[in-house]
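A.B. asks: Based on the sequences and whatever the hints tell you, model everything.
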Amino acid sequence: MQESTWYVIAMIVYFLVMAAIGYWSYKQTDEYDDYVLGGRGLHPFVAALSAGASDMSGWLLMGLPGALFLSGFSELWMPIGLLIGAWANWKWIAPRLRAYSEVAGDSITVPSFFENRLRDKSRMLRIISAVIIIFFFTFYVSSGMVSGGRYFESTFGGDYITGMLVIAAVTIFYTFIGGFLAVSYTDAMQGMLMFVALLIVPIMALFALDDAGAIFSFATENSYATDGALEPNDNYFSLFAGVSAGVIVGNAAWGLGYFGQPHIIVRFMALRKPSDAKQGRFYGITWMGLSVIGAIFVALTGTVYFTQFGETITDQENFETIFLDMAQAMMHPLPAGFVLTAVLAAIMSTMSSQMLVVSSSLIEDLYLIIAKRKPSEGVLINLSRTAVVAIAVIAALLAINPSDSILGLVGFAWAGFGSAFGPLVILALYWKRLNATGAIAGMVTGAVVAIGWGMSPLGDSLYEMVPGFFSALIVTVLVTLATKQPDQEVLDEFEEAEKLAKLVEKDDSLDFEEAAEKVSDNK
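Counting from 1, one number per residue, gives the positions in the sequence shown under this note's numbering.
Note that these hints are calculated values from the structure, not bench results.
Glycine is no exception: its CB is placed at the ideal position from the N, C-alpha and C atoms.
Do not take every clue at face value.
[As the list claims (entries may be wrong)] Simulated restraints, written as ranges between beta carbons of each label pair:
no., residue 1, residue 2, range
1, S244, E221, 18 to 28 Å
2, K27, E221, 54 to 64 Å
3, W92, F309, 29 to 39 Å
4, S4, S122, 53 to 63 Å
5, H332, I400, 28 to 38 Å
[To be verified] With a straight-line Cα cutoff of 25 Å, these simulated DSS-like cross-link-like pairs (lysine-lysine) come out:
no., residue 1, residue 2
6, K273, K502
7, K499, K432
8, K91, K502
C.D. replies: Laid out in C-alpha cells, this is it:
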C-alpha cells in the first residue's frame with residue numbers, strides 16, 4: 001500500500017470523528033443562544049483545551065518550530081510572553097468576564113458585552129467592534145487555510161489549492177451544523193491530539209540521533225537544514241545576543257494580545273460559573289507549557305536530524321514544515337498519518353472558532369441591529385450558518401496566493417485584536433468610570449495604530465502590538481476622563497458584577513444563581 005494511502009485512511013478516520021461530534025452537537029442545539037455560546041454550560045477542561053487549541057493553530061506545530069529552527073532561541077520571547085499572557089487572562093479576565101457578561105444583559109458576544117456594559121445607546125460601540133472582528137478574523141481564517149494548503153503540499157506532494165479547500169470544507173461542515181458546542185468539543189479533542197504529537201515526534205527524533213546531546217550545540221557549529229542551507233549561528237542558543245531590545249519587547253508583547261482575542265475570551269463567557277476559571281487556568285497553562293516545550297524540541301532535534309539523515313525540508317523559505325517532514329520520515333505511514341492529523345487539528349480548531357465568532361458578529365451584532373423585528377430561533381441559526389460559509393469563501397480567496405508566512409498572517413490579526421479590544425476588556429471589567437465615548441475612541445485608535453504601524457517600516461523594529469495596545473489604553477482613559485461620567489445605573493451594575501465575581505471566586509462550591517441572589521439581596 002502506498003504511503004499516501006495510509007495518510008488518507010488516517011485523515012478519513014479523523015474527519016469522520018469530527019463529523020460525528022458535529023452531528024452530536026447539532027442534536028444538542030435547539031436555540032440560537034446554544035448555537036452561539038453553548039448555553040453557558042462548558043466544562044473548564046473543555047474550555048481550557050478548546051481555548052488553547054483555537055489559540056495556537058498551525059503556529060504551534062508549524063510557525064513556532066520553523067521560527068526557532070531558522071533563528072534560534074531569540075524567538076523564545078514570544079512563547080514566554082504568551083504563557084504569561086494566557087495565565088493572566090485566565091486569572092484576571094475569565095472569572096470576572098463570566099460574571100459580568102451575564103449580569104450585563106446576558107451578553108453572548110464580545111461586542112454585545114461592550115454595548116450592554118456601557119449602555120451605549122448610539123450602538124456605534126457594538127457596530128465598530130463587529131466590523132473589527134470581521135476584518136481581522138478574515139486574515140486569521142486565511143492563515144489557517146494557508147496552513148492547510150502547505151500541509152497537503154508537504155504530506156502528499158499535492159496541490160496547495162486542493163488541500164486548502166478540503167480542510168476548509170470539513171471545518172465549515174461541523175461548524176455549520178453544530179455551532180459552539182461542536183467547535184468547543186472538537187477543539188478539545190484536537191488540543192489533546194496536538195499535545196500527544198508534540199511529545200512523540202521530538203522524542204522519536206532524539207532516539208534516532210547518533211548523539212542526542214548534539215542538539216544543544218549543533219546549530220552553532222555546523223551548517224544545517226537541507227544540504228546545509230542555513231549557516232552556523234553563534235547566537236542560536238542566546239535569548240539576547242544578536243537581537244535588538246525592540247525585537248525582545250515586541251515578541252514578549254504577544255502576551256498582551258490575549259486580553260482582546262474574541263475567540264478565546266468567548267470561552268470564558270461560556271463557562272458554567274466564574275469559579276470554573278481556576279480549574280480552566282490549571283488545565284490550560286499546563287497544556288500550553290508542555291506543548292510549547294514540545295515545539296521547541298521539534299526545532300532543536302530538527303537541526304541535527306535533517307543533516308544526519310539528509311532528509312529534505314519541504315518549505316525551504318520559512319522552514320514551517322519541519323514537524324511534518326520529521327514525522328513522515330521516522331514513522332510507519334499509518335501512525336505518521338495520525339500524528340500528521342495533529343496539524344489538521346491545529347488548523348481546523350482555530351478556523352472553526354474564528355468562523356463562529358465572525359458569524360455571531362455578523363448576525364448578533366450587525367443584522368439584528370438593522371432588522372425591524374427579531375427573527376425566529378430557527379431563522380437566526382440558519383443565518384449564522386450562512387455567515388460561516390460566507391466568511392470562509394472570502395478567506396479562501398485571500399489564501400489562494402499567500403504573500404506572507406503563517407506567523408506573519410497570525411501576527412497581524414493578533415496585534416489588531418489585542419490592540420483594539422485588550423485595553424477595553426481590562427478597563428470594562430476593572431474601571432467603573434469607563435464610558436462609551438472613551439471605549440470607542442480607544443478601540444478605534446488601537447486598531448488604526450496596529451494596522452498603520454504594521455504596514456510601515458516601523459513594524460520591522462517593533463511589533464505593532466506594543467504601540468497599538470498602549471495608545472489605545474491611553475486614549476481610552478483620557479477621553480473617558482474628559483467626557484461625561486456613566487449613569488448611576490451603569491455604576492450600580494458594575495458594583496454588582498464586582499461583588500458577584502469576588503463572592504464566587506472566594507467560595508468555589510457556591511452556585512452562580514445563589515451568589516447572584518445574595519448580591520441582589522444585599523443591595
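A.B. asks: Any hints from earlier that this structure breaks? Give me their numbers in increasing order, please.
C.D. replies: 3
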